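Trainee: The chain contents come next:
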Amino acid sequence: MIARLRAPGLHRGILATPLGIALAYAIVLPIRAASGYHPVLDGTAILQVAMITSPFAFLIGLGAFDYWFYWAIGRPTRPEDHSSHGARSWKDYFRVNTDHKVIGVQYVVHSFLYFMIGGLFAMLMRVQLAQPGGKFVDANTYNGLFSVHATILIFLFVIPVFAGLANFVLPLMIGAPDMAFPRLNALSFWLLPIAGLMLLASFFAPGGSFASGWTAYAPLSTTAPIGQVFFTIGVQFAGASSIATALNFLVTIITMRAPGMSFFRMPLLVWANFSTSLLVVIATPFIAASQFFVLLDRALGFNFFSAGHGGDVLMYQHVFWFYSHPAVYIMMLPGFGIISEVIAVKARKPIFGYRMMAFSLLAIVVLGFTVWAHHMFTSGMPAWIRDPMMITTAIIAVPTGVKIFSWLATLWRGVLHMDTAMLWAMGFITMFTLGGISGVMLAMVPFDLHVSKTYFIVAHIHYVLFGGSVFTIFAGVYYWFPKMTGRMYDERLGRWHFWTTLVFFNITFAPMHLIGIQGMPRRVADYSTQFATWNLIISLASFALGLSTLIFVYNMVVSWRGGPRAVANPWRGMTLEWQVSSPPPIFNFDSLPTIVGGPYEYGVPGAVHAVFRDGAEVPAPAAGSLAMATRE
Amino acid sequence: MEPTRESQSTPHRPPVDRPTLLRLLAVAAVAAGIGIVIGFLIPWFPPAAATQAHTIDTLYYVLIVATVPIFVLVTTVVLFSAWRWRMRRGEERLDGPPIHGNSQLEVIWTAVPSALIAALVVYAAIVLHDIGVKQPGEIAIGVTGQQFEWTFSYPKYDDAQGKPIVAYALYLPINRPVVFEIHSVDVIHTFYVPAFRLQEDAVPGITTSFRATPDRLGSYPIICNQLCGYGHSTMRATLHIVTAAAFSTWLAEHGYSPSTQTAAVQTGGAATRQTAAVSDWTRYAPLTGAQTASKEGTQ
Numbered sequence: 001m002i003a004r005l006r007a008p009g010l011h012r013g014i015l016a017t018p019l020g021i022a023l024a025y026a027i028v029l030p031i032r033a034a035s036g037y038h039p040v041l042d043g044t045a046i047l048q049v050a051m052i053t054s055p056f057a058f059l060i061g062l063g064a065f066d067y068w069f070y071w072a073i074g075r076p077t078r079p080e081d082h083s084s085h086g087a088r089s090w091k092d093y094f095r096v097n098t099d100h101k102v103i104g105v106q107y108v109v110h111s112f113l114y115f116m117i118g119g120l121f122a123m124l125m126r127v128q129l130a131q132p133g134g135k136f137v138d139a140n141t142y143n144g145l146f147s148v149h150a151t152i153l154i155f156l157f158v159i160p161v162f163a164g165l166a167n168f169v170l171p172l173m174i175g176a177p178d179m180a181f182p183r184l185n186a187l188s189f190w191l192l193p194i195a196g197l198m199l200l201a202s203f204f205a206p207g208g209s210f211a212s213g214w215t216a217y218a219p220l221s222t223t224a225p226i227g228q229v230f231f232t233i234g235v236q237f238a239g240a241s242s243i244a245t246a247l248n249f250l251v252t253i254i255t256m257r258a259p260g261m262s263f264f265r266m267p268l269l270v271w272a273n274f275s276t277s278l279l280v281v282i283a284t285p286f287i288a289a290s291q292f293f294v295l296l297d298r299a300l301g302f303n304f305f306s307a308g309h310g311g312d313v314l315m316y317q318h319v320f321w322f323y324s325h326p327a328v329y330i331m332m333l334p335g336f337g338i339i340s341e342v343i344a345v346k347a348r349k350p351i352f353g354y355r356m357m358a359f360s361l362l363a364i365v366v367l368g369f370t371v372w373a374h375h376m377f378t379s380g381m382p383a384w385i386r387d388p389m390m391i392t393t394a395i396i397a398v399p400t401g402v403k404i405f406s407w408l409a410t411l412w413r414g415v416l417h418m419d420t421a422m423l424w425a426m427g428f429i430t431m432f433t434l435g436g437i438s439g440v441m442l443a444m445v446p447f448d449l450h451v452s453k454t455y456f457i458v459a460h461i462h463y464v465l466f467g468g469s470v471f472t473i474f475a476g477v478y479y480w481f482p483k484m485t486g487r488m489y490d491e492r493l494g495r496w497h498f499w500t501t502l503v504f505f506n507i508t509f510a511p512m513h514l515i516g517i518q519g520m521p522r523r524v525a526d527y528s529t530q531f532a533t534w535n536l537i538i539s540l541a542s543f544a545l546g547l548s549t550l551i552f553v554y555n556m557v558v559s560w561r562g563g564p565r566a567v568a569n570p571w572r573g574m575t576l577e578w579q580v581s582s583p584p585p586i587f588n589f590d591s592l593p594t595i596v597g598g599p600y601e602y603g604v605p606g607a608v609h610a611v612f613r614d615g616a617e618v619p620a621p622a623a624g625s626l627a628m629a630t631r632e
Numbered sequence: 001m002e003p004t005r006e007s008q009s010t011p012h013r014p015p016v017d018r019p020t021l022l023r024l025l026a027v028a029a030v031a032a033g034i035g036i037v038i039g040f041l042i043p044w045f046p047p048a049a050a051t052q053a054h055t056i057d058t059l060y061y062v063l064i065v066a067t068v069p070i071f072v073l074v075t076t077v078v079l080f081s082a083w084r085w086r087m088r089r090g091e092e093r094l095d096g097p098p099i100h101g102n103s104q105l106e107v108i109w110t111a112v113p114s115a116l117i118a119a120l121v122v123y124a125a126i127v128l129h130d131i132g133v134k135q136p137g138e139i140a141i142g143v144t145g146q147q148f149e150w151t152f153s154y155p156k157y158d159d160a161q162g163k164p165i166v167a168y169a170l171y172l173p174i175n176r177p178v179v180f181e182i183h184s185v186d187v188i189h190t191f192y193v194p195a196f197r198l199q200e201d202a203v204p205g206i207t208t209s210f211r212a213t214p215d216r217l218g219s220y221p222i223i224c225n226q227l228c229g230y231g232h233s234t235m236r237a238t239l240h241i242v243t244a245a246a247f248s249t250w251l252a253e254h255g256y257s258p259s260t261q262t263a264a265v266q267t268g269g270a271a272t273r274q275t276a277a278v279s280d281w282t283r284y285a286p287l288t289g290a291q292t293a294s295k296e297g298t299q
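Heads up: the sequence lines are chains B and F, in that order. The first sequence begins at 1 in my numbering and counts up by one. The second sequence begins at 1 in my numbering and counts up by one.
Among the clues, some could well be false.
To be verified - Which bits of chain F does chain B cover? Going by a derived footprint, with three or more residues having C-beta under 8 Å, they are:
id, stretch
1, 68-76
2, 100-106
3, 120-132
4, 182-188
Hints in this document: simulated from the structure, not taken from any laboratory. The structure presented is a predicted model; accordingly, all values stated were derived computationally and were not measured. Beta carbons: idealized from backbone N, C-alpha and C, even for Gly.
Extracted from the complex, chain F is given alone in its bound form (with noise of 0.2 Å):
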């Protein structure tokens, strides 16, 4: 009791010596550290199914890197200053020392932040345009949603009436890039795939897209991640990356007749319905009650 009255005699606490705060800062260093070592050890990420996700991937795990020391920096502080600083008995009156501002300081924690934030925006802008460039022998697939299901088509390959081939699941080639071209015709849904790390808003009214190359085999789930009506939790589908081979096999099985295609090309149909592919998007719309009546009729 006596020693802190004594210690009063200075009116207010007095500053931290260099070895304390060289101490603390080790402490932070090392908590963030454990942090930074947490954070890549929590398992985060579903499987990785296409050269996107990767990419994605990374760029989490840098965050992870630069974000979580100024967390720890913060949380160091603020545990610091409660137990060094709190009000102990006989200093019910005493006030802290009158600093009103450091513009050093103040310049430092503005300007260290700013840079940190510029780099991290330019390298997540490199990795959006990265993840949207047009790879060579890209094909195009419909995504069609409506509540509460998704349908694909493939316009690259006709059935034998010449419509595209429709389904219910999304089967995929691996490594064979894709651009989805996602319409809607009700209300607004999300094609996500979180395999690919991917997912864009299916906007009634106009055609909305981004690229994959799936790079591992296996079956993904496909989620509808835009609330659409009481049926939403359901609208799910399931996305199939399957070898060339099997992708050969899986269109013939759905009606792919390779002959209607040549035929298309000798008669320069191929060339005006390339164009239209990506505008047209009629070409993607769902199967009407009278679509799927003929299709059966044709078993």
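Next up, chain B with everything else stripped away, as it sits in the complex (with noise of 0.2 Å):
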């Protein structure tokens, strides 16, 4: 009982959180009162000690820093036996796992979690929201909803979905075992479960959940309720878990490609999450940054934000813009090259200008530095920084649109297999344009001092990460499903959750144009009643696109526990995560790919992208694409 109490894993974890708390009380009491604090025992600066320090105590009981404690100390390390890789019943899902697609796999059931929980906030606003004078919740409890549904359907849903997606079928892709560094991929994910449920524990706070909205805008945060803190300090959770794993990309992607993978060879997935990891780590630590100026203003009284004492208010905006507006392109260009990856194999041809592809997400990440103060247009910057950032702003639509033309190129003529990816696929290209053009309409200044801050925006942005990002998502989780699972998910499910969520996206989201160019301001919990007729038909249309959901939550279950079993390469895929078994073996790869050609050769015959070095690995090369499905 006490070796098993001992031993890394959830129990030692969940021990060891107390002892988190205890070393708050320990940090904080003495220093209370050294410096003549009274009282001396104050529940919020505990509070906020222990929502740092208990976390780690839980990481470290989990197990997550024993190798590299043993390492430090001299002690000899526990040669990895790689005992803990793969997983043999569901069990081993919730232990400290190295292997990348088991971490996959946790990542995106853990993101598609909090994807629900996200959702039902939705709901439970446009409850709120169906006829003004909603007396569902209280105003306080409407900005937590809101505040608490943005957090964490970015933070943990949409980045780490894509981190999950590309954890696992990335290796893969390149031809590697597994991930540069295995254990500090499985420290990343074990960051995420305490961020939500430190997201989800500032409801329990005195004063309510954080109510700031996502943005958290000081001076507002700074004076918040204790339920604020969550939020700053949870936030650092997710984003030192984006920053480790985009590191572990950047190292993984260049230096574990298979032989003869040259950048040029690479699938685009692997080019955009090369993009993205490269935006990551540049841009994340500014939101760490301007998280850490809030809690040290609001612990400490540091003063960085309070007007009165030397801080400026607008400082907080340019620092977090100056990450969150790359992390827009963060969470849409994985999604990019989901869709580059979808599109090649069911058109049935090679990508459109693949080099431009490329390219022009090297430009998005370039640009996606310049406009960050296009979020500010009405916020009392100098008003000259307006002109550059409008122009950079409207400059990073010509890359983005490079892209749309270039999948369109791909479809044209193509052998369009319209299963359920390729649905998903062509919805996104369709809804994202949409999003696109707003966000063009956006960057002119003049008509942004006009709907800035409206639902206009909330139209915007849910056409760029609904109708965008989680589209690509549905496309990649149907796409890579069997190969995650082993197992066929349900294609008529399929459709029908397509068919829905498209239908009442757009009846929920699209209206939400007009409201706001007619002046309906966003995060309000009551409205003018002019507004009530479309904020009824949106509230109905968002239950329904909400119930859409659980059809693709049921296949899911559905198929993975009892869907037939997966061929190895059931869509004819070119790229490397087709050539091996579906689920793949323990360490990916029975015998190392030697890369010969391009990832997207459809239709070129006798075209390969791969060979295998033993001989009977290597496809027969009579029948062009079809030469690697023979390998099924």
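Take the two lone chains, each set in its own frame, and fit them into one complex as the hints suggest.
Mentor: Here's what the structure looks like:
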């Protein structure tokens, strides 16, 4: 029994957490006593320290640092015997596992849990807004609902689910046995439940959850009740996870490609995650900084953002958006990668303008850092900044447009397999175009002066993040579901899921453009009666949109448990992940692949992307792309 | 069934012939036309009550004309592809033609959107400049946001004590250019007047501003458009645009005393005040408890 509790794992992690809280008391009480603060025992002070110490205690208990600790103090480290690789039962997904495929599944499932929670919050908001004068929740709870909704969908769903999908398929795609730093990879995942629970726990804080929006503008956030700190610190854990994963991807992509895989033979998903990781590594420290400023303002009275004490209120917004604008590309570029994979395979054609697709990703990375102040056109910043930011914001539409047009040209004359993944991809192209167009409109400063912070913005970000990112996520999940689980999903339910989502997504969000231009502000618990009809329609459609997700959940759960077995390469894809069994073997490749051509040579007679060392694995070169398919 | 197999003697799908392509373009053009008409028919905007609002509305309709065709084009190609290139029975093993790119096409779809965007940016920059130009005869109005109400002050119009008139509703004379000097005493608010199509944040510690020239009589909402706490959705006020005569009456009712104004001018105080008006934001400070009390005491 004792031995079991001392072994690394969830038990030890949960036992260690109170020790972290005790440590917070041990730190705070002597300092307060020595500084002469009364009362010495202050719950707020202890809570803020405990929110930092107890997660680390949990992680140490979990065993996430065991190897490094042994190494640091000179004790013999336990050699990696790969006993923790792979998952034999569902319980293995609740352990620290260093297998990138297990971690990928952990990420994706965990993220979808938060997708459901975030969606539920959205529907609670729509109950409140179904008619003017809604009394479902009070204004403070409502402010908390949309703040937590946005925060968990951004930091606990869209960003990590992309990291999860890439975690699973990216090492396979480049012919690597795992990620470059498997232990760091495991740690990155386990930071996420901490962040998620912290954000949700804020509802139990005195004064309610954090309610200053996901943007947490100072000085509202620096003067808000203690619930705000759950955001301030929770985001640090999500951000640390993000940065560690990005470093891992960068090193993996740069150093672990199979022989022959030059940068211009990499699948575009790899390019997309390379670009995204560059963004994350450079930008994410800025949101960490912005929240440390807030924490120091709140906890220790640094007055970074108090106007009367030499603080600079606008500085918060600059630092925050210097991350949070690149963050919208962090939430979109991996989706671009997924769409390129899906469209090439399902249209049976090479990606049109492969190099331009790669370069446009890099162009977006560079330009993405030059547009942040377009979120601040009405913030009171010096007026001259508006013009350059308008120009750069408009320019960024060009590489994005290149991608859209290249996908269209890839569809042209293809043989379109219009199954679920392809439907999501084609739905994405149209919906994201709408989001891009409203983005160009918003870049035009005089128009933004009218619709900034109205429902037009809400419509725009949901066309970009739902019609954009979430559609690509669904495309990716359906596309790689056979590879990840070894099972096929129900195609008919998949189509139902797509069509119901597409219809109700549009009924929910399209009218928001209109009521926004008519002057309905966002983030309000009540509104003028002139918007009543549209809001009722939006609320009803949003409930249907929520229900459509249940089709997806049912399909995934039932198919994973008892769907038909998947063959190795059900879509006849050329990229490497389809050349191994479904699910892949524990170390991915039984023999090392050598890359001999591009990843999308569909329709090229005799073209092969990779050959395997042992002779039997070399595909027959006769029948074009079918060569790879014969390995099924 | 058999004919399909026959046609596969050519290994790939044939290119689209010219008539089909022209028909496709025609359909896209008609759809774009319909889209633009719908874009013009939808009653997008609330009433416009400032000269700036008309300029911004025009910009929006130009954006509709410029962007609807792009969406229609993309959607048309997606739908056409789904219809024309869908895999049919017997084509399970067919691949598309191995087209890797077309430099000419790629240059076109980089250059044309760039040109379109450049034109829009230039136009928007001109509009942005125009709506911010200072007009002759401009009056400054102080706007102060605090959780959760707006206060408006009229530094040009002092009461008998030499203090600016203060009000909780915004009265403006029609056709008289105003510049709003916006402040906050606590957190960030946004002074948003949908009828003007303009807004600017009220930021603690600094003065922000925008210009408007009211040109339509009536009452319009003033909205706080930046989340400022639990009372945010109730932080509203009303803008009344009135005739010059009605504005004078309103000023008089609120204690405007032209004699002190004149006296100030005679003693040279006006010059000091005018320079102070923009920089010294304490002049716009909202009613504190003491001021309110003294104001009520005088009545």
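Trainee: Against the structure, test the hints numbered earlier, and report the numbers of the ones violated in rising order.
Mentor: none
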